[in-house]
Amino acid sequence: MSRRGRVLGGRYLVLSLVVLAFAAVATPITAQQPPIKIGVAGDLSGAAASIGQAWADAIKMGADEINASGGILGRKVALSIRDTEFKVDVGIREAKDLVLREKVNFLLGGISSGVSLATSTSVSKEYKVIQIASVANTHRQTVELFQRYFFQVVPNTFMEGRAAAQVAAKQQAWKNYYTIGYDYEFGRMQAGAFVETIKKLRPDVKIVGQHWPPVGETDYTPYITSILAAKPDVVYSNLFEAGLGAFVKQALPYGFFQKVKFVSFADVSSMMAVPEMPEGILGYTRGEFYCENLPELKKFTEAFHARYKYYPVSYAVMGYDSLFVLKKAIEQAKSIETDAVIKALEGMTYDSLRGKFTIRASDHQADVPEYVGWTMKDPKYPFVVLKDIVKVPGSQIMLTEDEVKQMRAAATKK
Amino acid sequence: MKRWVLIVVGVVALVLPYVTEPIVVHTAIEILIMALFAMSFNLLFDGAGLLTFGHGCYFGVGAYTAALLMVEMRMPMFPAMVCAMVMGGLTSLVFGYFCVRLTGVYFSILTLAFAQLMFSVFQQAYTITGGDLGILDIQPPAFLVEVNAYYYFTLLVVGVSIWLLWRIMQSPFGRTLHASRDSVVRTQFIGINVRRYRLAAFVVAGVFASLAGGLFAPFNRAVAPFLVSWVKSSDPVLMTLLGGSATFWGPVVGAAVFTTLHEVAIGYTTYWLLLMGGILLFGVLFLPGGILGFLEERLHVGAAAPRTRMTEASGASSNARAD
Amino acid sequence: MTFADVVGQFLSGLARAGVLFLIAAGLSFIFGVVKIVNFAHGALYMVGAFLTFSYTKTLGMSFWVAVLLAAVSVAVIGLLMEILIFRRVYGRPVADQLLLTFAMVLIIHDVVRLGYGSNLRSVSRPPLLAGAVFMGDIIFPSYYIFIVVVGVAVLAGFWAFLHKTRLGKTIRAAVGNREMVACLGKPLPWLFTVAFAAGVFVDGLAGAIGAPLGGIRLGMDFDIIILAFATVIVGGFGSLPGTALAAFIIGEAYSFGIWLMPAIALSLPFIIMAAVLIVRPWGLLGRSGGGEL
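Residue numbers (my numbering), protein chains in the order written: chain A, 1 to 414; chain B, 415 to 737; chain C, 738 to 1030.
Please note that a few of the clues may not be correct.
Said to hold, decoys possible - Think about it this way: if two alpha-carbon atoms lie no more than 25 Å apart in a straight line, the pair counts; the simulated DSS-like pairs of lysine-lysine are:
#	chain 1	residue 1	chain 2	residue 2
1	A	K380	C	K794
2	A	K103	A	K334
3	A	K334	A	K309
4	A	K261	A	K175
5	A	K309	C	K794
6	A	K377	C	K794
7	A	K327	A	K103
8	A	K391	A	K199
Stated by the list, open to error - A short, non-exhaustive set of chain A residues, derived as facing chain C with CB atoms under 10 Å:
#	residue
9	A47
10	Q53
11	Q210
12	T218
13	Y223
14	A229
15	L252
16	Y254
17	A273
In short, the hints are calculated from the structure, not lab data.
Bear in mind that the values here come from a model prediction, so they are computed numbers and not experimental data.
Think of the CB as a built atom: it goes at the ideal place given N, C-alpha and C, for glycine as much as any other residue.
Start from the sequences, fold in the hints, and give me the full structure.
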C-alpha cells in the first residue's frame, strides 16, 4: 500500500466525479433561431403500444408538415419523443427529463390516463410547462386535479361514459349490466361515468357485477366464466387493443356474444387487434377517420396511410389536432411564452379534423364529440368499423361548469 | 476511504447547487436517496451476510406512508417522515421475523415473495393506495419546494443517516453481525442468538430504507406501486454490487454511478435493462469487488479486509431452517 | 350460481395451474439438482412464447411442430447459458449465482424487445383445439383440456424418468449426496447440464403451449417468475408433487378469487404463500433438509 497508490486512488475518484459533473452540465451551443422544442411523452410500449405509436406517428407527420411550410413564427418544430411504457414512474421521470434537461417548451401527451395525470401534477404543474392531452382522457385532469397548464382535446372519461350510456339507455331490453374495466385511472373513471349516467337515465337498470382486471392482463377466462354465471343482459367494457383481443378470443368458445350483449371500445387500433370481433356490437370511439365526411380528415387519412401504410386511428387524428391547436395558439399569442399561449388557448375555437371545437376557459376541456355505433364488417378495411353512427356532440355530454365546480369543491373538502 | 477524498467530495456536495444546473441537483438528490437505500441494503448484505431481494418493500412502505399522511391527513412533512420510518420498522419486523427463520437462498426468495405480496396489496387496495396510479400531488412544505433547498435537506438527512450506519457497524452489535456472517456456528457457540441479531439488523435496515422512501415521496411529488415491487428491490442490489459491497462507501459510489448512468442513458437508448444486465454480468464474473473493490485492489488504496460473502455454499446440503 | 358455473370456473383455474406447474416444475427441478435459483426462468418462458409466435406466424409452421421446436430452442438457449455462464460460478457464493441469473433476466428481456418490439403478439389455438366440448350446460374449451393433459404427462414423465431410468436415479442420488456420486465416477457437470436442460425445456414448453391462451407480451417474464417462486415455495423446493399441488391450489384460488373475492384475487397467491411459510417454512411437501425429488 504505497503512498503514491493511495493518492492515485483518491484522485481517480475525484476526477471521475468532476468529469461526471461536467458531462451533466455541458450544453450544446444554441443556434441563431432555436427551434421550438416539443416533448412528446406517450406510451409506445405496453398495453397501449399500437395506440401510442399511431399517435406519435401522426404528430411526427404533423411536425414535418409544419416545418415544410415554414414552421411556427418562423421557427422549426423539434420533437423529442419518449416512451413512458404505461408506467407512472417512468412517465414522471421521462417528462422531468424532457423539461429539465432537454428544456422543451411544451409537452404533448400522455396516452395512459394514469401516466398523463401523474405528469400533469408532478411535471407540468411543477415546472409550469403546458401539457396537451389528446388520448389520455381521465376527467380528473380537468376537474378535481385541474391545473392551469393542462389542456385536453379528447372527450374526457365522463363525456365518453355518458355518450355510451345515452345510446345504451335507449335499448329498452337492456336491464342488467355487468361492467368490466381496466383497474387503473381510465378504466375506473370511465366505467364509473357510464354507470352513473345509465342509472340516472334508466332507474330500472341494475348493475349485477363489476370486474377490474389489471392492465396488461392476458387471461380473461375466470372473468368470462364468472360474468356468464351472473347472467347479465349486457356487458359494458372499456378494454382496448390487445387486451380486448384476448378477451374476445377467449370468450368466443363460450358462445359469449350469443348469450349477452356487448358494449365496447371500437377504435381502429383495438379493432385491428381483434380480427374476430363480432358484428352487431355497440361500439364507441372518439373519432375514427370514417366517422366524419370532412375534406381535411380525408386528406389527413390519405397522407397518413401513404406514409405509414396503415390506417390512422382516432388517437392519431387527435394527436395531429393537438399539435396544430398548439401551433394556432402560439401564432395567436405571437410568442411561445407560457402565459401568453395559455391565454390564447383558453376559449379558442379550432377547426379540427373532426370539425370545429372550442376549448372552454374554466377547465381547458374541448367540447369534442363521441361517436357511438354498431360494429359491422367492411370489405374495404382489414378491421371492423361502425355503422348507424350516432354523433354525440360535446355540448350534450360535457360536464356543465356548475358540475365541474361542485366536483372540485367535493375533492378539496376531503 | 481516505479522509481527504471525503473532504473533497463533501465540498463538492455543498457547493453543487451553485455551480450546476437544476437537472444536476435533481440527479444529486436522487443519488443521495438511493445511496441511503443501498446503504441500508448493504447493512444486511455485507453486515449480516443476508441477501434480500425484497428491500424495495420497505422503501415503498416508507414512501407511501409519507405520501398518504401528507396528502390525505395534511400532516406536515417531518412527522410524516417519522411515521414512515415507524411503518417501515414495523413491516420489516413482521416480515423479517419469518425471513430470518430461513437461511441462504430460501431467505432471499422469501424476502422477494413478501415484497411482491405488498406490491399486489398496494395495487389492489384502490381506495386506500390509489391502485395503479398511486398517490399524486405530494407537496413538501413551502420552504422545501425549491429544489436547492430540498437538496440541502436531503444532504443533511442522508449524511446523518450514513454517520449513524457507520456507528452501528462499528459498534459491538455490528461486530457481532459480522461474526454471524462469517461463521454462524462459532457465533452461536459463544452464546449469541444469531436469529435475534439478524432480525434486529433486518429492522434497522428496514427503518433506513423507509426513511429513504419518506425522502423520495415529497421529492417525486408522487408514489406508485412500482416502488414496492421486487424490480425496485433490485436497484440497491445492483448499486451495491457495482460500487463494491465489501467497503462501507461502496453502495454510495454504486448509487452515484448507477443513477448517473441511468440519467445519461435514457437520453440515448431505451435498452436500459440490457445495459444494466450486461454491467451486472460483467461485474459478477470479473469484478467481484465492485468499483471500489477494484480500485482498492489495483491501486492499493485503503485496506479492504478479506472477507467471504454468503458462505452458505451451494454444494453442501443446506438446511432450509436457520439452526 | 349453478354447478355448471362452478365447473367452468374450476376448469379455467386448472388450465392456469397447468401452465404454472410446468414453469414451477422446471424451476424446482433445476434448484433441486443443480442448486441454482434460476431467476431467468420467467424470461425463458417468455422466449418460448415469442418463438412459438415466430414459428407459426412468420415461418408458417404447424402449431404442433412450432411448440416442440420452441421448447427445444429454449432448451438450447438454456444449455448455452449453463455452459458459458453458470458453470463458471458453481463454486462461488450463492449470491453470485443469484445475481447472474438475475442479470440474464434483464438481458433476455431487452433482447426480446430488440427482436420483437413492444407490441402484443398472439398465437391462435390450433383448429383441432379451438372449440369446446359440451356436457349439458357445462362448457370445456378443448384447449384447456389439452393443457391439463400435457401437465399430467409432464408430471408422469418426470416421475418415470427419475424413478425408472438409470440417468434419473443417478440424478436423484446426486441431489442427496453429490460427493458420493462423484466418487462413483459419474460425470457431475454433465449431469447438471442434462438436468438444467430438462428444466428449461419444460419452461419453454410452458411458454409455447401457454401462448394461445392469452397474449404474448413483454412483461410476461416479470409477472410469471414471482408466481412461479410462490408456487415452488408453497409446494416445497425440490418436490415435484409439491409443485403440482401448489400450482393447483394457486390456479384455483386465482380463478375462484376473481369470481368470489375480486378485491384480493391478485394477492391470493402471495397470501397463501405467506400462510404456508408461517406454518411450514419448507413448503407443503418439502422436507426441512432442503428437498428430495
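Quick rundown of the hints versus the structure:
This hinted pair checks out: K380/A and K794/C have alpha carbons roughly 24 Å apart, not beyond 25 Å. The straight-line distance between the Cα atoms of K103/A and K334/A is roughly 20 Å, inside the 25 Å bound, and the hint therefore holds. Proximity of K334/A to K309/A is assessed by CA-CA distance (about 36 Å); at most 25 Å being required, the pair is judged violated. Straight-line distance between C-alpha atoms of K261/A and K175/A comes to about 11 Å, which keeps the hinted pair within the 25 Å bound.
Restraint check for K309/A and K794/C: satisfied, since their Cα atoms lie roughly 20 Å apart, inside the 25 Å limit. Restraint check: the Cα-Cα separation between K377/A and K794/C comes to about 24 Å, which is no more than 25 Å; the hinted pair holds. Our distance criterion of 25 Å between C-alpha atoms is met by K327/A and K103/A, whose separation comes to about 18 Å. Straight-line distance between C-alpha atoms of K391/A and K199/A comes to about 22 Å, which keeps the hinted pair within the 25 Å bound.
Checking A47/A against chain C by beta carbon gives a least distance of about 8 Å; that is within 10 Å, so the hint holds. Interface restraint check: Q53/A against chain C, minimum CB-CB distance 8 Å, threshold 10 Å, status holds. Annotation: Q210/A was flagged as interfacial toward chain C, and the flag holds, the nearest CB pair being 8 Å apart, inside 10 Å. Annotation: T218/A was flagged as interfacial toward chain C, and the flag holds, the nearest CB pair being 3 Å apart, inside 10 Å.
Here the hint on Y223/A is kept, as its CB sits about 6 Å from the closest CB of chain C, short of 10 Å. Against a cut-off of 10 Å between C-beta atoms, the interface hint on A229/A holds, since the closest Cβ of chain C lies about 4 Å away. At its closest, the beta carbon of L252/A sits 9 Å from a beta carbon of chain C; the interface hint therefore holds under the 10 Å criterion. With 10 Å as the threshold, the beta carbon of Y254/A comes within range of chain C, its nearest partner Cβ sitting at about 6 Å, so the hint holds.
Because the beta carbon of A273/A sits about 7 Å from the nearest beta carbon in chain C, less than 10 Å, this interface hint is met.
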